[in-house]
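Letter by letter, the chains look like this.
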Amino acid sequence: MAKRNDSVMQGWNTQLRKGLVELCVMRLLDANEAYGYQILQQLNAATGLELTESTLYPVLARLARDRLVKVRVAASPAGPPRRYYRLTETGQSRLKEMATHWIGVRDAVDHLLNNGGNHESSGSESAQSPSR
Amino acid sequence: MSQAEANLPNPLPDDARRRIDDHLDAIERVLLAGGVSRGERRDVVDEVETQIYEMLAARAEQQPTEAVAAILAQLDPPDAYAPESATAPTAVEPALALRGLWRRWQGWWFPRSSVPRVSRPAFVAAVWFGLAALFFLAAFSYRRPPSLLLSLMFLFGMTAPIGVTALGFWSVRRIRRSAGREYGLPLALVETFFFPIVLANLALIGLLAATDGAGLVVLAVLVIVGANIGLARYAWRRFGGKFLSRVDSY
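Protein sequences appear in the order of chains B and X. Heads up, the final residue of the first sequence is numbered 132 in my numbering, and it's a clean run with no missing numbers. Heads up, the final residue of the second sequence is numbered 250 in my numbering, and it's a clean run with no missing numbers.
Source of the hints: derived by calculation from the structure; they are not laboratory data. Among the hints, erroneous ones may be present.
[To be verified] Lysine to any residue pairs mimicking SDA-like chemistry, simulated, CA-CA at most 20 Å apart:
| no. | chain 1 | residue 1 | chain 2 | residue 2 |
| --- | --- | --- | --- | --- |
| 1 | B | Lys18 | X | Ala82 |
| 2 | B | Lys70 | X | Val198 |
| 3 | B | Lys70 | B | Ala45 |
| 4 | B | Lys70 | X | Asp46 |
| 5 | B | Lys70 | X | Gly39 |
| 6 | B | Lys96 | B | Arg62 |
| 7 | B | Lys70 | X | Arg42 |
| 8 | B | Lys18 | X | Phe136 |
| 9 | B | Lys18 | X | Pro77 |
| 10 | B | Lys18 | X | Asp79 |
| 11 | B | Lys18 | X | Ala80 |
| 12 | B | Lys70 | X | Ser37 |
| 13 | B | Lys18 | X | Ser178 |
| 14 | B | Lys70 | X | Pro78 |
| 15 | B | Lys18 | X | Glu40 |
| 16 | B | Lys70 | X | Pro83 |
| 17 | B | Lys96 | B | Asn13 |
| 18 | B | Lys18 | X | Leu75 |
| 19 | B | Lys18 | X | Ala210 |
| 20 | B | Lys18 | B | Leu95 |
[Unchecked claim] If the Cβ cut is set under 8 Å, some of the chain B residues that face chain X in the computed set are:
| no. | residue |
| --- | --- |
| 21 | Ala46 |
| 22 | Ala61 |
| 23 | Arg67 |
| 24 | Gly79 |
| 25 | Arg82 |
| 26 | Arg86 |
| 27 | Asn115 |
| 28 | Gly116 |
[As the list claims (entries may be wrong)] Heads up, incomplete: computed chain X residues facing chain B, CB under 7 Å, no partners named:
| no. | residue |
| --- | --- |
| 29 | Asp43 |
| 30 | Val44 |
| 31 | Glu47 |
| 32 | Glu49 |
| 33 | Thr50 |
| 34 | Tyr53 |
| 35 | Glu54 |
| 36 | Ala60 |
| 37 | Glu61 |
| 38 | Asp76 |
| 39 | Ala80 |
| 40 | Phe154 |
Glycine included, each C-beta is placed from N, C-alpha and C at the ideal position.
Whenever a hint applies, use it, and build me the whole structure from the sequences.
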């Protein structure tokens, strides 16, 4: 039973992380140009999302296909050329929309978790604070 | 040598390069089966290849073969690249599942790997030939009245002359155009010419049997042997010899 619960939790965590990867990648590329492996390292260092390449690279390919990022290929001292990604203008406006939406969702979920869905008890959050 | 290796300070040993290629090919196959477009597949595989070489550069002090093995063990397995639609096709999306199957089928017939491998059509033709021969033997050696299964086996055997010849011809063309990525030319030549030569022999025997005179037996044997040698030499010169002179590894 506990094993099944762990597996369900792991699946939920994976889905949650996958949903956030695109937002995090776009935010990172809004600030800096970076190549694939570098993005992976930076995101893992900064967010603790425990991303792996099988999640990140398809996302990068999809963002490039949708012209939300532009790609610059440059030689690498380590071997094959690196593909540097940077957010396009379309990508920047999409990022703004996504960030606004995310903040709305985050606040709503925070509110729900803190107040148990009781709209009138916003002042007594500590009384029903869940174990997060 | 790939561009990736050309940039490395020292070229990778063959087995290390082959392991990387196999890993990248496996990822590509998973993406192909998942219906991912060609451009995205290439992007993903290129990124993984770049990452492998970046990680290799960080392990410069280690033996390349060991370093590659350690890196590949650290990376996600190819199955992790399966899009969710491919790992769990839903009942409302049979077209997507069919497309995935079709692409997997295509991927098997037309492998994109740079590692040389036996021509797939030549391999299928050889299996076809072997099964047809077995089925024929079974159909003719079975004493009971013919059953549906035996009839089907006989019919399958009857398809071999056309199927094996066509696949053999196709594989000869593919091998010659593959620039070394596919091998098995002798097998493909045998598959291409076996049934036509058998047919030509049967026609000659029939023709000579129809003519009267026991003295013609020697002449018949000479004509048949001569025709076979002539056909084999023609086939080898036309398709095999010229190719061998250009690619001596075959």
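Consistency of the hints with the structure:
| no. | hint | in the structure |
| --- | --- | --- |
| 1 | B:Lys18 <-> X:Ala82 | 14 Å, holds |
| 2 | B:Lys70 <-> X:Val198 | 61 Å, violated |
| 3 | B:Lys70 <-> B:Ala45 | 24 Å, violated |
| 4 | B:Lys70 <-> X:Asp46 | 16 Å, holds |
| 5 | B:Lys70 <-> X:Gly39 | 14 Å, holds |
| 6 | B:Lys96 <-> B:Arg62 | 18 Å, holds |
| 7 | B:Lys70 <-> X:Arg42 | 16 Å, holds |
| 8 | B:Lys18 <-> X:Phe136 | 56 Å, violated |
| 9 | B:Lys18 <-> X:Pro77 | 18 Å, holds |
| 10 | B:Lys18 <-> X:Asp79 | 17 Å, holds |
| 11 | B:Lys18 <-> X:Ala80 | 13 Å, holds |
| 12 | B:Lys70 <-> X:Ser37 | 18 Å, holds |
| 13 | B:Lys18 <-> X:Ser178 | 40 Å, violated |
| 14 | B:Lys70 <-> X:Pro78 | 26 Å, violated |
| 15 | B:Lys18 <-> X:Glu40 | 18 Å, holds |
| 16 | B:Lys70 <-> X:Pro83 | 23 Å, violated |
| 17 | B:Lys96 <-> B:Asn13 | 25 Å, violated |
| 18 | B:Lys18 <-> X:Leu75 | 18 Å, holds |
| 19 | B:Lys18 <-> X:Ala210 | 78 Å, violated |
| 20 | B:Lys18 <-> B:Leu95 | 16 Å, holds |
| 21 | Ala46 | 18 Å, violated |
| 22 | Ala61 | 4 Å, holds |
| 23 | Arg67 | 12 Å, violated |
| 24 | Gly79 | 3 Å, holds |
| 25 | Arg82 | 6 Å, holds |
| 26 | Arg86 | 15 Å, violated |
| 27 | Asn115 | 34 Å, violated |
| 28 | Gly116 | 32 Å, violated |
| 29 | Asp43 | 4 Å, holds |
| 30 | Val44 | 5 Å, holds |
| 31 | Glu47 | 4 Å, holds |
| 32 | Glu49 | 6 Å, holds |
| 33 | Thr50 | 5 Å, holds |
| 34 | Tyr53 | 3 Å, holds |
| 35 | Glu54 | 5 Å, holds |
| 36 | Ala60 | 10 Å, violated |
| 37 | Glu61 | 15 Å, violated |
| 38 | Asp76 | 4 Å, holds |
| 39 | Ala80 | 4 Å, holds |
| 40 | Phe154 | 49 Å, violated |
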